[in-house]
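J.: Okay, here's what each chain looks like letter by letter:
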Amino acid sequence: MVKRILKYAFITLVLLFLYAPIVLLVIYSFNDSSVIGIWSNKWTFRLYVDLYNDKDLLQTVWNTLLLAILAGVISTVLGTIGAIGMFYSKKKTYKVLSGITNIPVINAEIVTAISIALVCSLLAFGRTYASLLIGHVVLCFPFVVLNVLPKLKQMNPNIYEASLDLGASPTKALFTVIIPQILPGIFSGFLMAITLSLDDYIITTFTKPSTFFTKPSTFDTISTYVYDAYAKGGRNSSIPALRALSTIIFVVMILVIVIANLRASKRRDK
Amino acid sequence: MKKVSFSRKHLGIPYALFLIAFVVFPLLLIVFYAFTDANGHITFMNFINFFKSNANLTALFISLGLALCTTIICILLAYPVAYFLAKSSASKSSVLLLLFILPMWINFVLRTAAMKELLFAIGFIQNNKLSFLNTIIGMVYDYLPFAILPIYTVLSKMDKNLVEASKDLGASPIKAFFDVTVPLSKPGIISAITMIFLPTMTSYVISDTLGNGNITIIGKLIENQFSSVFNWNMGSAIALILLVFIFATMTFSGKFTDKEEINARGSGLW
Chain D
-19 MVKRILKYAF
-9 ITLVLLFLYA
1 PIVLLVIYSF
11 NDSSVIGIWS
21 NKWTFRLYVD
31 LYNDKDLLQT
41 VWNTLLLAIL
51 AGVISTVLGT
61 IGAIGMFYSK
71 KKTYKVLSGI
81 TNIPVINAEI
91 VTAISIALVC
101 SLLAFGRTYA
111 SLLIGHVVLC
121 FPFVVLNVLP
131 KLKQMNPNIY
141 EASLDLGASP
151 TKALFTVIIP
161 QILPGIFSGF
171 LMAITLSLDD
181 YIITTFTKPS
191 TFFTKPSTFD
201 TISTYVYDAY
211 AKGGRNSSIP
221 ALRALSTIIF
231 VVMILVIVIA
241 NLRASKRRDK
Chain F
386 MKKVSFSRKH
396 LGIPYALFLI
406 AFVVFPLLLI
416 VFYAFTDANG
426 HITFMNFINF
436 FKSNANLTAL
446 FISLGLALCT
456 TIICILLAYP
466 VAYFLAKSSA
476 SKSSVLLLLF
486 ILPMWINFVL
496 RTAAMKELLF
506 AIGFIQNNKL
516 SFLNTIIGMV
526 YDYLPFAILP
536 IYTVLSKMDK
546 NLVEASKDLG
556 ASPIKAFFDV
566 TVPLSKPGII
576 SAITMIFLPT
586 MTSYVISDTL
596 GNGNITIIGK
606 LIENQFSSVF
616 NWNMGSAIAL
626 ILLVFIFATM
636 TFSGKFTDKE
646 EINARGSGLW
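If you're matching them up, the sequences are chains D and F in order. Letter by letter, the first sequence follows residues -19 to 250 of our numbering. Letter by letter, the second sequence follows residues 386 to 655 of our numbering.
Don't take every hint at face value.
Said to hold, decoys possible - Pairs of lysine to aspartate or glutamate, DMTMM-like flavour, derived with a Cα cap of 25 Å:
{"no.": "1", "chain 1": "F", "residue 1": "K514", "chain 2": "D", "residue 2": "D208"}
{"no.": "2", "chain 1": "D", "residue 1": "K(-13)", "chain 2": "F", "residue 2": "D544"}
{"no.": "3", "chain 1": "F", "residue 1": "K394", "chain 2": "D", "residue 2": "E141"}
{"no.": "4", "chain 1": "F", "residue 1": "K571", "chain 2": "F", "residue 2": "E549"}
{"no.": "5", "chain 1": "D", "residue 1": "K(-13)", "chain 2": "F", "residue 2": "E549"}
{"no.": "6", "chain 1": "F", "residue 1": "K394", "chain 2": "D", "residue 2": "D145"}
{"no.": "7", "chain 1": "D", "residue 1": "K35", "chain 2": "D", "residue 2": "D12"}
{"no.": "8", "chain 1": "F", "residue 1": "K552", "chain 2": "F", "residue 2": "D564"}
{"no.": "9", "chain 1": "D", "residue 1": "K(-17)", "chain 2": "F", "residue 2": "D553"}
{"no.": "10", "chain 1": "F", "residue 1": "K542", "chain 2": "F", "residue 2": "D553"}
Said to hold, decoys possible - Facing chain F, a subset of chain D residues (Cβ under 8 Å, in silico):
{"no.": "11", "residue": "L5"}
{"no.": "12", "residue": "I7"}
{"no.": "13", "residue": "S95"}
{"no.": "14", "residue": "V206"}
{"no.": "15", "residue": "F230"}
Claimed, not checked - Output of the computed footprint for chain F on chain D, the stretches with three or more beta carbons under 8 Å from beta carbons of chain F:
{"no.": "16", "stretch": "-12 to 0"}
{"no.": "17", "stretch": "77 to 84"}
{"no.": "18", "stretch": "234 to 247"}
Hints were generated in silico from the structure; no laboratory data involved. Note that the structure is predicted; figures quoted are calculated from it, not measured. Idealized CB from N, CA, C, for every residue including glycine.
Take the sequences, apply the hints, and build the full model.
T.: Here is the structure:
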């Protein structure tokens, strides 16, 4: 009995630790106090109105989403091509390609970030949207490969041969036989790519458009915006409207994840 | 005349080109910059200067300390949680697990900012003596889900009969836990270590946001060289020193687990 109580107390404490900051932000998003911890007056939606009127902040949200979708699509195409290409190559080629694919996974993000920044400055196109996109693709594509490869391994190799025997061209067989078989892997790779891109700070800050390697820049994602506000803006700076944005992001993410999991478990039950 | 026809493995060619251009070549560029000076002459001065500077060595020491503390605390917190979850009924554990890993999907800069607000509200941020502690709290907060997930995965797949057998053979529950369960869950612990140790050495977002300007880690040193000192050669040299640590961690973890498992960073997310 005591053991049970201890067990649940421990689990509750850890959950409390994980959710306390989030809950605090959510509560204070309905209050216009400039500092969290001091509750001013009453509940209000003013911060949400502020957010709606804050063009910079909304642009930041849009930048983040567009970048994540672009990087997600490109890395999914690239990762799928790569996974198929290496899987059907000679064993030696496969080993080399998959080894290199794993480098960005193992490597510290900051090393990847500066390496891309160096290349882009060397190629003379400097830091533009292209370098940012390349950075994000390099961050994301290995995870697509890692999601697609197991599906290729599970696939029955004979059906591809059968489709060729029945007269399909290799291209047709690729699109009508292989791709449909590995689609779940491609899809989960795509979702992971988007998640990684949305979460990224370091690669973004080193590759985002800016004239030099300087910080007053022209392009921000949510990550860089929040970092600049909280880490650079001194001791107790906070942008109250960010609380409203955070709350919206938290709620949307929680809804997406819960719905995705409910659907997944329903599918399992069937 | 031999007809050149398309086959699946040809997809590997564009992929290999991409890898060379944006993974291999950038890394070689870092090596090149690290061993040259501003004029392009070969030199070892970057490394000598790095180890001569007390500030740099302090940063290296602080990074290692932070990474060590964070990793140990994360595993000490995550292991019991993962253990309880793995022992609960299937329906209960899947809901609870979701609760524990849900924060992984929320932008980590936002979560760190939320933690800053919380620590500010209770007066921790204002106290300069607590900077190291605040940074550790933030890092544990951000990385705890990454420890729970792999340990839970290993524990839930473990053959429960082995524990039963050890008890039948006379082991006390505590002895059975430490002699059977813990050794069997080693792959999960190792993969948790690899997912936490390296990022904590480099993710300066957390130390910048919560450290009140008192905590400089190795990732921050690299950032400084690139965005305020503009010494790319020195920055690359530090990145190369970091790569040594990455390599060491990989060799260490490679000894205990097969590659597939280590590379599964973020697997199970979707």
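J.: Is the interface hint for D:F230 satisfied, with its Cβ closer than 8 Å to some Cβ of chain F?
T.: holds, 6 Å
J.: Are there three or more residues in the stretch -12 to 0 of chain D whose C-beta lies closer than 8 Å to some C-beta of chain F?
T.: holds (count 8)
J.: Decide if the proposed pair is consistent with the structure: F:K571 and F:E549, CA atoms, cutoff 25 Å inclusive.
T.: holds, 19 Å
J.: Take a quick look at whether D:K(-17) and F:D553 sit within 25 Å of each other, Cα to Cα.
T.: This hinted pair holds, its Cα atoms lying about 22 Å apart.
J.: May I ask you to test the interface hint for D:V206 with respect to chain F, counting a Cβ-Cβ separation under 8 Å as satisfied?
T.: Hint on D:V206: holds, closest Cβ of chain F at ~5 Å, below 8 Å.
J.: Is the shortest C-beta separation between D:S95 and chain F less than 8 Å?
T.: holds, 3 Å
J.: For the stretch 77 to 84 of chain D, count the residues whose Cβ lies under 8 Å from any Cβ of chain F; is that count three or more?
T.: holds (count 6)
J.: How about D:I7: closest beta carbon in chain F under 8 Å, or not?
T.: violated, 11 Å
J.: Do the alpha carbons of F:K394 and D:E141 lie within 25 Å of each other, as the hint requires?
T.: holds, 14 Å
J.: If you draw a straight line from the CA of F:K514 to the CA of D:D208, is it 25 Å or shorter?
T.: Roughly 24 Å between the alpha carbons, so the hint for F:K514 and D:D208 holds.
J.: Do the alpha carbons of D:K35 and D:D12 lie within 25 Å of each other, as the hint requires?
T.: holds, 19 Å
J.: Sort out whether F:E549 lies within 25 Å of D:K(-13), counting only the CA atoms.
T.: holds, 21 Å
Comparing the model with each earlier hint shows a violation of hint 12 alone; every other hint is respected.
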